[in-house]
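Colleague: What follows is each chain in one-letter form.
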Amino acid sequence: MGILSLTIFLPLAGALILLFIPKEKTAALRAVGVAATALAFLVSLIALFLFDPSQPGNELTMRLTEDLAWIPSFNIRYFLGVDGLSFPILLLTTLLSLLAAVYSMNIQVRVKEFYFWYLLLETGMLGVFCALDLFLFYFFWEVTLVPMYFLIGIWGGPKKEYAAIKFFLFTLFGSVFMLLAMLALYFASAPHTFDMMALAKAHASFSREFQIIVFLGFYLGFAVKIPAFPFHTWLPLAHVEAPTGVSVILAGVLLKMGVYGILRVCYTILPAGFEWFLPFFVIIALINIVYGALCAMAQTDMKRMVAYSSINHMGYAMLGIAAVSSTGFAGAALQMITHGLITGALFLLVGVIYDRAHTRDINAFGGLAAKLPVYAGLMSLTCFASLGLPGLAGFISEFLCFLGAFPAWKIYTSIAVIGILVTAAFFLRMLQKVFMGPINEKWAGMSDMDARELFAVVPLAALTVLFGVWPKLLLDMMNPTLSLMARFFPDMFQGLR
Amino acid sequence: MTLFENVHWIALLPLIASFVILFLGRDDSDKSLLPYVGITAMGVCLIHSLLILKGFLFGGFKPYYRTLPWFSFGDFEMSLGVLIDGTASFMLVVVTLVSFLVQVYSLAYMHGDPRFKRYYAYLSFFSASMLGLVITSNLFVFFACWELVGVSSYLLIGFWFEKDGPAYASKKAFITTKLGDLGFYLGLMVLFACAGTLDLNMLAARAQMGPEYLPQQTAALAGILFLVGAAGKSAQVPLFIWLPDAMEGPTPVSALIHAATMVAAGVYLVARTYFLYAASPLAMDAVAWTGLATAVLAAGMAVVAYDIKRVLAFSTVSQLGYMMLALGAGGYTAGLFHLTTHAFFKALLFLAAGSVIHAVHTNDMRQMGALSKQMPSTFITMTIAALAISGFPFFAGWYSKEAILHAVWLRSPLMWTIGVLTAALTSFYMFRLIFLTFLGSSRDAHCCEHAHESPAVMTGPLWLLAVLSVSSGWLLEHNGLFASVVHFGAEAAAHHSEGGLHAAPAWLPWAALAAFVSGLAAAWRLYAREDLSLAAGIKERLTPLFAMLENRYGFDRFFLMLVSASDRLASALAWFDDQVLDALFIDGWAVITRAVSELQGLFDDLFVDGAVDGVGIVTRNAGWGLSRLVRGQVQEYMLYAALAVSLFATFLMTR
Amino acid sequence: MTLSHYLAVSTALFLIGLFGALTRRNILGILMGIELMFNAANINLAAFNRFLHPSGFVGSAVAVFIIAVAAAEIVVGLALVVAIYRAQGTLYTEDIHLLKG
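Protein chains in written order, with the numbering used here: chain R, 1 to 497; chain E, 1 to 655; chain G, 1 to 101.
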């Protein structure tokens with residue numbers, strides 16, 4: 001069993017162990033749940049030492065691969081592997097899963113089920129980022145769906161059922177088209193295969209029209225996940241209703257599946273389709289950025305605001321991809337990681353205050369900075385990271401996205417910087433209303449963060465600072481792959497260069 | 001050259017100090033030795049900077065440039081690096097010196113504040129970012145530090161965040177400068193798209209190689225975009241609106257950040273990227289006109305303000321405009337000279353104002369008056385600063401203003417005229433401030449009777465700065481010392497020699513002196529007496545003008561309108577997202593789908609299921625109908641059988 | 001005596017039997033009518049054997065079979081009649097209509 005399989009299935013093993021523990025023993029259940037995620041994280045750290053980011057040659061070299069026949073009669077394989085694009089996200093996934101699992105130890109009802117679904121979800125997410133066989137990819141993609149449905153639907157807020165069903169249907173809507181597109185690729189390839197690497201090599205054999213149609217199928221599936229306008233409306237709702245830990249996973253990892261898919265599938269297998277769609281794609285990115293930011297500015301619910309800011313931030317990643325240059329790709333890939341860290345921390349922090357005040361209304365607070373200095377400090381740091389303050393991770397990734405996109409899309413990029421201003425505006429307004437001004441006496445007895453909360457948030461804040469100061473750590477891992485990917489189609493995307 | 005090899009420590013030392021102060025110590029009000037950590041770090045940096053400056057002035061130092069790869073992305077690399085030239089060395093001294101003095105001064109001024117420790121952490125953090133900005137060789141790092149000084153400014157303006165005023169002002173300052181930063185941000189992209197690097201040295205070399213390496217349009221575009229950034233940070237028209245509000249912060253902070261250093265960063269940016277402006281007359285003109293407009297408009301606003309700090313804030317805006325004007329007129333050296341001298345006397349003005357506020361606990365000059373006896377040190381030092389800023393001969397400001405007006409005259413006499421007018425206004429409002437505060441009669445006994453001189457930690461820095469305000473101009477102008485170190489390449493030299501052809505007339509310096517005297521005289525006439533009715537009378541007669549000035553020409557209202565418009569847009573979009581896109585289109589799909597499935601259900605019930613049921617019903621009914629024929633009479637059956645047989649037989653036979 | 005004479009007799013006999021079977025109200029009468037029709041058939045068999053295949057005996061043999069079967073049939077029939085009488089208390093067909101639809 002390879003190290004990737006081990007990482008993917010450790011959470012599943014944990015989930016199975018949970019089944020044998022009586023549901024009254026909540027302490028044991030929590031311990032197993034956290035231990036499984038911690039083990040997966042450790043194993044992925046070991047994989048970090050085995051992972052070689054270099055990319056010799058002109059074709060993508062996958063690392064830590066595992067290749068077994070799964071359903072030989074249909075040429076479906078159990079084919080795993082990572083490269084500089086997927087491996088950092090894999091690490092992010094195991095890290096966020098661990099931290100959110102720790103944070104979720106405050107879940108009181110149906111603990112056993114919670115961790116069962118949670119661990120199953122983690123297996124699905126890890127699988128998506130490792131799978132190199134489209135069928136396997138789809139399999140893991142759908143595996144994430146059901147646990148998420150229950151996690152929102154059972155442990156969520158007041159409108160949890162509505163949110164859960166909306167999330168479920170929306171995603172399913174997208175993935176149905178993705179399935180069709182996959183099958184189309186399968187039958188168009190000769191010999192029939194689901195192997196992404198083989199399909200990427202065969203991209204020239206697919207006609208332009210075919211690629212466009214198949215692209216649209218995949219795009220629908222990924223756009224819902226990103227979420228790209230106008231398929232984003234499930235997100236604010238799902239984020240607001242989901243319990244804190246699940247919001248973290250949702251924003252930190254699940255959204256990345258969409259962006260990752262665009263790069264991994266749409267771009268490498270269907271370049272002609274992608275080229276055709278690019279003018280629309282960049283406009284959607286722009287809408288995501290400006291519209292997402294403006295919508296966020298109008299929110300008074302902190303969690304909803306952060307949710308809309310995610311739409312905005314994913315817009316940056318889309319803009320970076322639309323550049324089809326190594327700089328833009330580096331920005332997009334980095335943005336995925338930094339957004340995961342920063343927004344993960346933001347959701348945790350919003351959860352912290354919600355646990356105490358049972359409200360997330362920005363206007364309900366005031367002057368908390370004097371009362372909760374640690375919380376105010378971490379929240380300010382994270383908000384500043386999210387609005388792209390230098391020295392914090394978000395700045396580098398945003399800048400690279402813009403820098404990459406600017407030569408290709410001057411006007412759109414110039415308009416998109418408005419998003420930065422609006423983001424700054426709403427985060428600062430939130431900080432002002434919650435932490436500054438006269439203290440609201442209602443919360444005079446509020447306590448600062450406890451150990452569990454700090455354990456979940458501080459690593460994220462520390463990494464945000466680390467990658468902001470020393471982005472080389474991540475970029476060196478990503479760069480060879482992304483530079484190679486940007487060079488894949490020298491005779492295409494001419495208008496951008 | 002260990003001085004240069006360790007130059008990065010000038011930025012890193014305060015950074016470390018800031019974290020030490022922030023994370024050590026028991027609580028925020030900690031009055032242990034922690035503040036001295038910051039002061040010591042800044043003292044070391046000051047000495048280091050002074051040594052570098054000494055090397056440049058007397059040791060024949062050449063500009064020092066060193067880079068170190070930071071991270072690479074795609075096919076490019078971003079580097080960390082230092083670029084120390086004469087300009088940077090002066091800037092280093094200005095920043096470290098003012099920072100050091102302000103930190104010392106704050107020991108007394110902030111004494112007893114519940115967040116004393118944190119105040120020092122913020123100050124050190126600010127100094128670190130500002131010094132990083134000064135020494136960096138890379139525009140990207142420059143921008144990063146630029147943003148970090150912005151956030152330090154945000155934290156320090158909002159230091160007393162329990163009050164609504166500072167909370168609001170800090171946000172306003174950050175957002176307004178951020179608006180300008182967007183220009184800077186885009187400028188970086190324009191340059192990078194053209195040159196593939198953001199290293200100042202490489203860009204300058206490129207600019208030198210000629211327009212095929214740095215096209216004029218690119219230079220103009222980048223230059224103007226950088227100007228937008230500089231306008232935000234250096235409070236130029238129309239983005240100056242945040243600076244008056246920034247006075248909500250502690251007064252030493254105003255002296256350090258909003259008078260001497262951070263607000264000069266915009267000017268410094270233009271100076272650092274001067275090769276762009278040299279390559280593009282259009283960008284140059286934009287700088288000059290922006291500076292000029294700022295200088296005169298801000299001076300007008302200073303005339304009507306009554307808050308002592310706001311007068312100084314408008315004065316800062318005006319003087320920054322002066323610097324911009326100088327740079328835009330080709331007076332690179334003059335602009336930076338003024339930056340240096342201005343830093344000293346403006347910091348002094350603010351610190352002296354802080355001393356006054358510390359004594360009387362109000363900012364309103366209408367409540368002050370006749371404080372000269374109670375606070376002699378403050379009075380004398382502040383008067384020296386006022387003389388310096390107004391251009392009293394042989395004080396620091398006189399030299400730098402002279403240099404600017406000279407450069408501007410060479411560019412355009414019209415600009416020069418407005419510049420002189422601004423100088424007259426400067427002299428007027430400065431002495432209005434001095435007279436209202438220190439002379440005349442005590443207008444609010446409650447405030448003034450307990451006023452007393454500040455302690456030595458506060459007056460010490462005042463006196464030091466006063467000495468510099470008097471002497472720095474002469475020291476630096478003497479023998480062309482400043483110009484020998486701070487100049488812009490061959491380009492500027494050409495400018496000067498070209499200017500030499502039609503040299504300025506000899507009466508030029510006298511015009512500035514006349515402006516100073518007239519301003520002083522007018523202020524004396526109106527404000528230096530117990531009876532202020534004359535000033536009130538003038539205000540009465542010029543109400544519309546005063547109203548316009550007090551409303552800051554409507555810029556604030558314009559931006560507030562912009563803010564509320566974007567708020568409304570945001571609300572509309574959020575409503576659209578929630579009620580139209582989500583509720584109508586997305587949930588609409590759900591409603592439609594459900595309606596369709598209801599219909600399908602109905603169809604299923606009526607037609608599909610009905611057909612199946614129908615077969616059963618028909619069969620049953622047919623069976624029932626047929627069974628009527630069966631009457632249970634065995635002989636009937638037999639008859640039917642017989643008939644059937646006979647029919648069959650008949651059929652067989654007739655076939 | 002030609003075949004036609006025999007056939008005429010057997011036809012008459014059959015029709016009498018049929019008439020009896022269809023019109024008698026008593027089950028016993030119906031059984032008798034059926035016996036008549038059997039015998040009409042027997043006459044036919046014997047006559048066809050005599051005139052069409054004088055050397056053969058299949059027709060006569062079948063006639064003997066029919067006599068045997070008829071005997072068996074009448075036994076079963078009378079048993080049923082007894083049973084019906086016991087159950088219904090009547091032998092008139094219009095009163096026996098259990099199978100009425």
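It is possible that part of the hints are untrue.
What the hints assert, rightly or not - BS3-like mimics (lysine-lysine), calculated; alpha carbons at most 27 Å apart, straight line: (1) Lys112/R <-> Lys201/R; (2) Lys371/R <-> Lys163/E; (3) Lys31/E <-> Lys371/R.
Worth flagging that the hints you see were computed from the coordinates, not collected in a lab.
Colleague: Each hint needs a verdict: does it hold in this structure or not?
Modeller: Outcome of the hint check:
no.: 1; hint: Lys112/R <-> Lys201/R; in the structure: violated, 45 Å
no.: 2; hint: Lys371/R <-> Lys163/E; in the structure: holds, 15 Å
no.: 3; hint: Lys31/E <-> Lys371/R; in the structure: holds, 20 Å
In the structure shown, a violation is registered for the earlier hint numbered 1 alone.
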